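Those protein sequences? They're chains A and B, same order as listed. Each residue of the first sequence is one higher than the one before, counting from 1 in the numbering used here. Each residue of the second sequence is one higher than the one before, counting from 1001 in the numbering used here.
Some clues are possibly wrong.
To be verified - According to the in silico footprint, chain B covers these stretches of chain A (three or more CB under 8 Å from chain B): (1) 122 to 135; (2) 185 to 198; (3) 344 to 358.
What the hints contain is simulated information worked out from the structure, not anything from laboratory work. If you're wondering where the values come from, they're calculated on a predicted model, not measured in any experiment. Here a beta-carbon is modelled for each residue, glycine too, at the ideal position from N, C-alpha and C.
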Amino acid sequence: MNRKRLVLLLMLMGTTFTSGCWDKTELNEMAIVSAVGIDKNEAGRLVGTFQIINPVNVAGSLQGGGGTNPSISIYRATGDNVLELDSNASTKISRDMYFAHANLVVIGEDVAKEMGINSIFDAFERSPEFRATTRIVIARGVKAKDLVETLTAIDKVSAEKVIKTIESTEKQQGGSITINLQEVIKNLVSSGKEPLISGFTVRGNTNKESKIENTQTSNMAANPNAVGIGVFKDGKLIDWLDGNQAKGTMWVLDRIVNTNVNIDWEGKKDAVTYQVLRQKTNVKPKMKNGKPKMYITVRAEGDIREVNAPIDLASPHGSIDIEKKLAKDIKKDMEDAIKLAQKNKSDIFGFGELIHETHPAYWKKHEKDWDDVTFPKLEAEVQVEVFIRRTGIRNKPYLLDIKKGDQ
Amino acid sequence: MEKAKISGYQLFVLIFLFEMGSALLVPLAGEGKQGAWLVILIAMIGGILLFFVYYALFQYYPNQILTEFVRSILGNFLGRIVAFLYILYFMYLAARVLRDFGETLLTVAYPHVPLFFANAAFILVVIYTVRKGIEVLARTSELFFVLENVLFLTFILLTIVSGMIHLNNLKPVLEINGVEMVKMAFSKTIFFPFGELIVFLMIFPYLNEPQRLKKIGVGGLALSGIFLSFTMAVNIAVLGVDLTLRSQYPLLTLIQSIEVAGFLERLDVYFLLKLMIGGFIKITVFTYVAVTGTANVFNVKQPSRLAYPVGFVILLVSIVIASSYSEHIQEGLSAVPVYIHLPFQVIIPLLLLIIAYFKNRKKSNKHQQHKTELKGGVEGK
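Given the sequences, and given the hints that come with them, work out the whole structure.
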């Protein structure tokens, strides 16, 4: 009987002392990091900016009160690698930095251009705390710290604002690309695909962005904006894609969701606006005379949203003319994007990977010189089909009636 | 041997969970690149062939566990030595899996806990189960089987729903040519996890319907092989070959990348549950057979009393076998299959089978009468 009690006691002690409490961290011992910015100083060392959530103020603002204090705090540290930034920052932070909720990593443009991003991500990937789904952006024209420390109005935590803005820009416009840590590393490693990372900047007065007044006006002085897509080669930022180049690239990548395509009509610029509702891009490599050729076919469906030209949309002929013109314009954007990538010698479309998948023997021979020799000479044929399904709640534009009355 | 019986379904479940065990967590057959899933299937066929060798041995001695019939085949002295070697083998494997388990737990969830304490906490549960006997283990595994499959189905569903599967990542399937694949399957993957089925030669006699054993064994191996192959295919389809090979635990990386509707994410606990279930069943089976084997060879009346000493040895071995995780994995990939798995899983069983064949043929020709008497005598023990 006594022995049984002893065993029971031992078991109770065992379960108390060995089950999980060992590595406990109380909530008030944690500093929850929401974003990390990485810059470079003049001496070539890394400067890390950590955006830490101020839980009381975030919660307060949700209830309608609060807002008197910023919902984020910023800490900075200098070091030679990423983990050194973390440990050097501990001289300033009273709590342990907790990275499981870090949703955003901002890389400074100078870091991306001069040092390259190859040597940055290992610490993020290796840590079990850090998420593979963390989004990556490049601070374009500003320091990463400017973006990380900016206070924003609607989304109290600016990391959230940046992520949501990129997502909506990609969806509405096709001018940005949502990419996470895992995909960036995958593309860096792959010899048949180079990464694309969205750019983000802070427009306006760059001295006030970290003050609470920034959010106290309806028209913020400093507001983070999504701008363009960065092109990488061998881990270094070499070019930016803007406007139609970015859109053309997104068409080839099959990542267009909803975007507006504007076409000129009889000398009038951007007279017709067409909104894509769904689309599908197929890329197929085929061998021709021992050389691969990419066949890219696009099929887009959508609606007419704005017409500032006297076109009779009620007749099918009007629609077909617009469809043809749209197809021509999209095709041109895509071909320009491909030509630009070939000029940059950076296979951002993953054509190399496709050839690896379909023609492994050819790939083995050309893997080494793919980016510099084979890809720039690669032939591509683009075919675009556009369908106009609906024209909104009007048929003919009223402009057509005005013109008639004038005559 | 304890007086216990397990049903066919329980054995099937036990085999399935045992095979899935730690193999589910590591990049199994990773060198097969895009064709890793194919390598696993080839190895599974090899594993089924090995199972037939074990099955044939079982047919000759349906009422004896491995350590017992080794002595019937090789004689008392040599048989005892071989049986003892098998006990060491099982204990070593138990220690290896325990180490896998502890290392994973420390890497993923408890970085500051000393390995000894993580392993000790786990082996205590294992010892407790071993003391309770095979019937309890079999019933536990029935429960876990349901849980494991619910986990598996939901995780596959979430992976599909989050739209991460890119089947193109699986092309070209023959990145490694077919001959290489077969070589890889038969030099590595067949031993881990499929060949480890040899431990069940210590459990088969408990089965209450031995006539169905063939179906149960092949079924358990096939189902676990298909699950493993499928999991590896999903890993590669989602993560790509490079990342899968760079991951210590591809399944964890896969689960961490699940993001459904912006809120269903960070499901790491899935991985830990799988780790617990797989690790528990596998370590317990190894420890259990080590305990019954020791009791059998050294004529210990109450096997359950050996659970503590054997468990303690396994715990110590699990700590000292390697100084780092990379060393542990490297041993498991290069040395263990050739120098340990190959003799214990293939060479010795084949030799035993050949000797048993000639011995029993002679017997059945000359001493038909005698054999039945002998069998009756063993049963009487």
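We went through each hint and held it up to the structure:
Under a criterion of three residues with beta carbons nearer than 8 Å to beta carbons of chain B, the stated coverage of the segment 122 to 135 of chain A is upheld, 4 such residues being counted. Coverage of the segment 185 to 198 of chain A by chain B holds in this model, with 4 residues showing a Cβ closer than 8 Å to a Cβ of that chain against a need of three. For the segment 344 to 358 of chain A, the proposed coverage by chain B is satisfied: 5 residues have a C-beta within less than 8 Å of a C-beta in that chain, meeting the threshold of three.
Of the numbered hints stated above, none is contradicted by the structure.
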